Structures are given as C-alpha cells and as structure tokens.
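Kindly generate the complete structure, drawing on both the sequences and the hints.
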Amino acid sequence: MSSNLLITGATLVDPHHEQQGSADIIIRHGVIGRGDTDDLPVLDAKGLMLAPGLIDIGTFSIDLNAMTAGGITAAALMPDQSPPLDNAALVQRAATAGKPAVWIHPIAAASTGLAGGDMAEIGLMKEAGAIAVATGRQWIADSGLMLNIMTYAAALDLPIITHAEDAALVGQAVATTGPVATWLGLSGAPAIAESLAIARDLMLAEQSGAHVHFRQVTTARGFDLIRAAKQRGIRVTCGITPAHLLLSENAIGAFLTFTRLSPPLRSEADRLAAIEAVRDGTIDLICSGHDPHGPEAKRLPFAEAQPGMAGAATLLALSLALVRDHVVTLPRLMELLSAAPARLFGLAGGSLHVGAPGDLVIFDPHAPWQIDGDTLPGNAGNTPFDGLPVQGVVRHVVKGGRIVT
Amino acid sequence: MTSSSHTPSAPSSGGAISGRALFPHKHLLGIGGMAPWQIQCLLDEAEQWVDLNRSKTKHDDRLMGMTQINAFFENSTRTLLSFEIAGKRLGADVVNMQVAQSSTKKGETLIDTAVTLNAMRADLIVIRHQHSGAVQLIADKVDCPVLNAGDGRHEHPTQALLDALTIRRRKGRIDGLRVAICGDVLHSRVARSNILCLTAMGAEVRLIGPPTLLPEGMEQLGVQSFTNFDKGIAGAHVVMMLRLQTERMEGGFIPSLKEYHALYGLNRERLALAETDALVMHPGPMNRGVEITSDIADDPACSAITEQVEMGVAVRMACLDVLTRGRRGVEGWA
Chain U
1 MSSNLLITGA
11 TLVDPHHEQQ
21 GSADIIIRHG
31 VIGRGDTDDL
41 PVLDAKGLML
51 APGLIDIGTF
61 SIDLNAMTAG
71 GITAAALMPD
81 QSPPLDNAAL
91 VQRAATAGKP
101 AVWIHPIAAA
111 STGLAGGDMA
121 EIGLMKEAGA
131 IAVATGRQWI
141 ADSGLMLNIM
151 TYAAALDLPI
161 ITHAEDAALV
171 GQAVATTGPV
181 ATWLGLSGAP
191 AIAESLAIAR
201 DLMLAEQSGA
211 HVHFRQVTTA
221 RGFDLIRAAK
231 QRGIRVTCGI
241 TPAHLLLSEN
251 AIGAFLTFTR
261 LSPPLRSEAD
271 RLAAIEAVRD
281 GTIDLICSGH
291 DPHGPEAKRL
301 PFAEAQPGMA
311 GAATLLALSL
321 ALVRDHVVTL
331 PRLMELLSAA
341 PARLFGLAGG
351 SLHVGAPGDL
361 VIFDPHAPWQ
371 IDGDTLPGNA
381 GNTPFDGLPV
391 QGVVRHVVKG
401 GRIVT
Chain L
1001 MTSSSHTPSA
1011 PSSGGAISGR
1021 ALFPHKHLLG
1031 IGGMAPWQIQ
1041 CLLDEAEQWV
1051 DLNRSKTKHD
1061 DRLMGMTQIN
1071 AFFENSTRTL
1081 LSFEIAGKRL
1091 GADVVNMQVA
1101 QSSTKKGETL
1111 IDTAVTLNAM
1121 RADLIVIRHQ
1131 HSGAVQLIAD
1141 KVDCPVLNAG
1151 DGRHEHPTQA
1161 LLDALTIRRR
1171 KGRIDGLRVA
1181 ICGDVLHSRV
1191 ARSNILCLTA
1201 MGAEVRLIGP
1211 PTLLPEGMEQ
1221 LGVQSFTNFD
1231 KGIAGAHVVM
1241 MLRLQTERME
1251 GGFIPSLKEY
1261 HALYGLNRER
1271 LALAETDALV
1281 MHPGPMNRGV
1291 EITSDIADDP
1301 ACSAITEQVE
1311 MGVAVRMACL
1321 DVLTRGRRGV
1331 EGWA
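Chains U and L, in that order, are what the protein sequence lines are.
With the working numbering as the guide, the letters of the first sequence map in order to residues 1 to 405.
With the working numbering as the guide, the letters of the second sequence map in order to residues 1001 to 1334.
In case anyone wonders, no lab produced these hints; they're calculated from the structure.
Note that the structure is a prediction, hence the values are computed from the model and not measured.
It is possible that part of the hints are untrue.
Partial selection, computed: residues in chain U whose CB lies under 8 Å from chain L [to be verified]:
#1 Phe60
#2 Lys126
#3 Gly178
#4 Pro179
#5 Leu300
#6 Ala303
#7 Glu304
#8 Gln306
The beta-carbon is built from N, C-alpha and C at its ideal position, and this holds for glycine as well.
Here it is as structure tokens:
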C-alpha cells in the first residue's frame, strides 16, 4: 500500500488556526507535503472534516479496532500491562505492537512491578522508547520514593504521569462520598482524596523540577490547585476523559457497573467545574482512558466489578459534544485531542503543517449514531454511555499516508 | 389497633384501586421506588398473618406446590429462619441455600448462580448478599419474583416493613411520630430502608450516631442528624437502636466499644429523655451492654424487640403472598 495520498474536498480543522477552510492535503512518503499531485492516489473527502489524528495519552489496552473507530492514530500505553512495563525489553516490544495502524508509545512503570516500592529502570526504558513514566492505576503513597522518581525523571526529561487519589483515603471505596453513594449503600471516599494527592505531587514537582501530568483530574478543588500551580510556574499539565465531562455520579443509577470508574464519577458541581476547566485551559488534553473489560469483569455486584471503561471508539463523538455546547471551538477541541498531547509528550503529529506526519482523521461531525455496548468496535463494550445518541462518525483514518479505514 | 390514622391514598380516578394496581412491582428489591400506599398495602396484608400465626393451626396452603429458594450469600440465622417459616406456613416448598463462602471460592459468578436457580424453576427467590446491588443483579436474570433479604449496605426492605408494622400496631400510627435511629447508620441497610419507609409514611426521622458513622446526604429526605445522643433522643416516640457492626469497624471509626457504650449506648437515663411511653426497637442480634443495656431490651413495657421478630414472619408471609399472586392466577393480579 502506498504512503502517498491526495485528499480532496475536505474542510480542514487545524488546531493551530481558528479559521477552517477547504483545501487539498498532499501526503508524500508518509509526510504532509506540497507540489505536484498528478501521480497520487486520490481520497475524495468532499463534505467531510479533516483533522490531525487523535493522540490518546494513557490508554490501558492496545485495541486497534476501537482506536481506529475513534480516530486515534497514536496512543501512549499505560504500564499497567501483564506483565507491567517495568523493563526495557517489555517497553521495546510494546512500542511495535500497534503498527502499522496506530503508533503505540509506551509509558514506563515508575516503580518495579508498579508496586510502589523500588524505582524501576527508567533510564533504560527511555532508551527503549518510553515517552514518560507513570505510577499506573495507583498513587504512590511513599512521598520519599515519589520525590526520587520525579527528580530522576526530570534529569532524563521524562514527564511523570500520576494517578491522583490518596490511597489511604480511598481504601475500599468505589464511589464518591455523597447522597448517591449513601443511598445506594456503596462505600465512598471524599472528593478531596483527589485534591490531597494533587497537592502533594504538585509540591514534589516544584521541588524536583519535573513535569508532572495528572492523567485525570475530576474535582473542582483539583482544578483550583492545578490552576494555581500553573500560575506559580510549576510544570504541571492534566487530562480528563469524556466520562467526567459528561456524566456525574447520578449515572450510577441502579448499580450500573459500566459507570464504575477510577477515579469514580463525581458530583454534578464537580462535573460543571470540569467543563469550566476545559473552557479556561486548565485542562490540557482529553483522553479516552480506554480500559476494556468483558462481562466477566463487569457483570458483578458494583463493588466487585473492575473499574474502567471502553473509551477509544467513542472519544471523538463524545468530545464533539463540547463543540456543540459551545465550550470550545472545533480547532480548540483538536488541540485538546491531538496537538497538545503531541506537544506535551514530544510526539510527532497533531498538525496539518507541511512536514507533519500524514496521520489524519476524516470525519462527519454531524452524522448521528447510537452508542451500543454490544456492537462497539474493540475488545469490549463497557461504555458508561451505552444507549446514548451522539453525533460524529469517523469516515477514514489515515496513518502515515496509508488509509487504515 | 390495626389501622393507621394516616392513610396515604393511592392515585385514584374514582374507582377503588385493587389487584395488581395496588402493588405493581414484580420484585421486592427495596423500599426506594415504593409509593406510600404500596407500603401500606403490604402492612395491611400482614395483619391477617399476625392473627393466623397466633392461632392454633398456623397454616395456609396458598403457596402449595411453589418452590421458594432462600439463597443466602451472607451468614444469617434469624432472617433466614423467618423467611423459611413464612414460606412453610403458606405451604411452599422451601429450600435453603447457604452459600456464604463456598460458591465464590469455586469461581462461580453471581450471574451463574442466578441462572442455575432460574433453571430449577423456582417460584420465589429470597436473597441476601454482602454487596450492595447484588440482589438487583440477580433479579434482572431470573423469571420469578425476587425478595431482597439484605444487600450490602443498601436495603433490607422486609426489616423496614416489619418495623413499620410493629410501630403501627403499638402506636396506632406512623404519621407524625418522631423516630430516632441510633448507632452505626453508615454501614446499616436497616437504617436506609427504615429512613425511606418511615419518611414515606409521614414520620419525622432523626439519626443519632458518632460523626464517623453518619453518612453524608441524609438531609435530602429531611432527616436530621445528631452526634449528641441526648439531644437527638429528646421527644422521640420511637427509639430504634442499630447493631454495632463490629466486623465492619476496621479503619478506626470509633475508639472502643467502651467509649461507644458510654456515648451512644441506650440506658435508662437516656431513655427518660424520650417521650414517656417511647418504644424501643432493635433489629437484632443485639450487642448487649454495647448499644443497649439488658434491662431495657428485656423490659416488655418499652421494648418491642421480640414483637419485631413476630411481625417479621407476618410481613414476610404478606410479601410472599402478594408477589406470587400473578403466578398463582389470583384474579386481578395477572
């Protein structure tokens, strides 16, 4: 298959320009170029939108069908694999697992076995292709170890991706303390479990000079801390998934285990604070948090079900709701989904400029469909949005000039 | 006295409500979702079984030929026994399945168990499970009515119904009474179901307990919380003590049983602060000398604790009867 392509008729959504216009895109040898188009195979994208492929920071699974359906052309893979990505060989293997459809960028485990005890071989893993270091699904409770990891990673110029939930405060909790958890009889942890963890890691980041990235921030007080830290000049960034932007704890309903997430769904006030944090730029990027689980992990009592959701296939469609609700413009959304992740983690992509990789998503932002867990592309259909009507269908994904779909 | 002075009325379009319209639920999963007149329907139905249970024969054959499976995933003696007696007195074939630990160790999931019970053509399944929401999960997978005998911290609806029946019989009403629910509310499904039931029936509910054992969000139903026992109990018509669930006390909720008894145990001096003829209740089993002193628990003048056990059988008979009417082809309940 050729890595040369001419895409005609699409409306371009360039994260770096608010103006959207129609223009042809030329890809030669996998890279966006210009010049003669005579010999190029043509992809007609009339009536569709074209943007840089989505770059998904912090997915738990290499799930190519789901990613392609969601318009994702590159993904940073969490170290929470089996076995955990805590040595160079495993990182190297993971880096090639998605080719040619999706570039997988492994994230190194911060501690051996993700156990929070000893520092993993971060430097060797960087050489093997790791683009960042992460604490995994868990917070590292040992502040001394966390400071050492940050100091060490800062010298290697690797960002630290951390999970912001104070482990002792969370305990066995499966929901956020409040009326919903109370009436359902679910054990809850207060929302400050998040801000408490953020506060510590911000101080450690300031002390060490490391770039700390909170994979998901979901509470009003968490956003306040991040906002203040950015003003103070601390190297901090954060992400969020569509779930915490569009759903509150009320979605748990009658113990729907697809809504069991980590961190758990929050109050409506926190959800509105998250929307505001997208609007004012406190949130740097939107990710899928893709964590597919089959029925054996989800068809259980709420507290026994695995946390996590299938998010890749719905990432673009759900995020487009933010544009329709006038929270962000379409180019700004593509900044959050593509350009910012590329810039913050030093990845190629996120741009339509000449010389950028020919990684593109071509979509119809208005086409309606209904999210259905039973037919969702990918390894599992555990979406908390099961049954929701949405708009936005990925028509084509182009990776390095090759048409993936 | 057997009827309430306060009669929450069903939405009526002129004609009398009867049959299925009186109690339209397939299962009994919780008090939440039940309208006041539906609660009242079950309480009214229970009265006849109180009378039967006090008679010589104690038997009725209306559930003859029906199979009732009591699937208890959490240890229980009195609730299991109560459901077993209720089923047998109505003529059902009752089978007990104590699955406390065994099946999960063998790796069978709850859904598999539900499917198995369904394949055995049970006509009624009574379930207790240690996880909130587990009973609903099973109810979604089986064809027959499911009764929740307690799921995690979520609900224990028959306990709330038997408590309501006890109060109604002793006090003549529920509407307008001040009911203090005292102790470990956080971990208590009994408290949740009782709050829903009693507020629906018009009572004023107060919660009393250590601040660490009072959950958030209770004020949404107009329920007031007190951390000072003496203030909370003042003027109460009913004092409902909860069992201190010592098995769920990991994590430092209270300093010691001794301190708990000193601050939150019910004794004569504290009871004197309530209304003069206040009714004392406890869902059992009691931790004597912890949440309640023996002289109160054993004093028939104020304690309704043994009567609660008696009402439990009657209320459960009412629930078993009402929920199987559709299957039994009772007129108007198809």
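Right, here's what the structure says about each hint:
no., hint, in the structure
1, Phe60, "violated (23 Å)"
2, Lys126, "violated (40 Å)"
3, Gly178, "holds (5 Å)"
4, Pro179, "holds (3 Å)"
5, Leu300, "holds (7 Å)"
6, Ala303, "holds (5 Å)"
7, Glu304, "holds (6 Å)"
8, Gln306, "violated (13 Å)"
Of the numbered hints listed earlier, those contradicted by the structure are 1, 2, 8.
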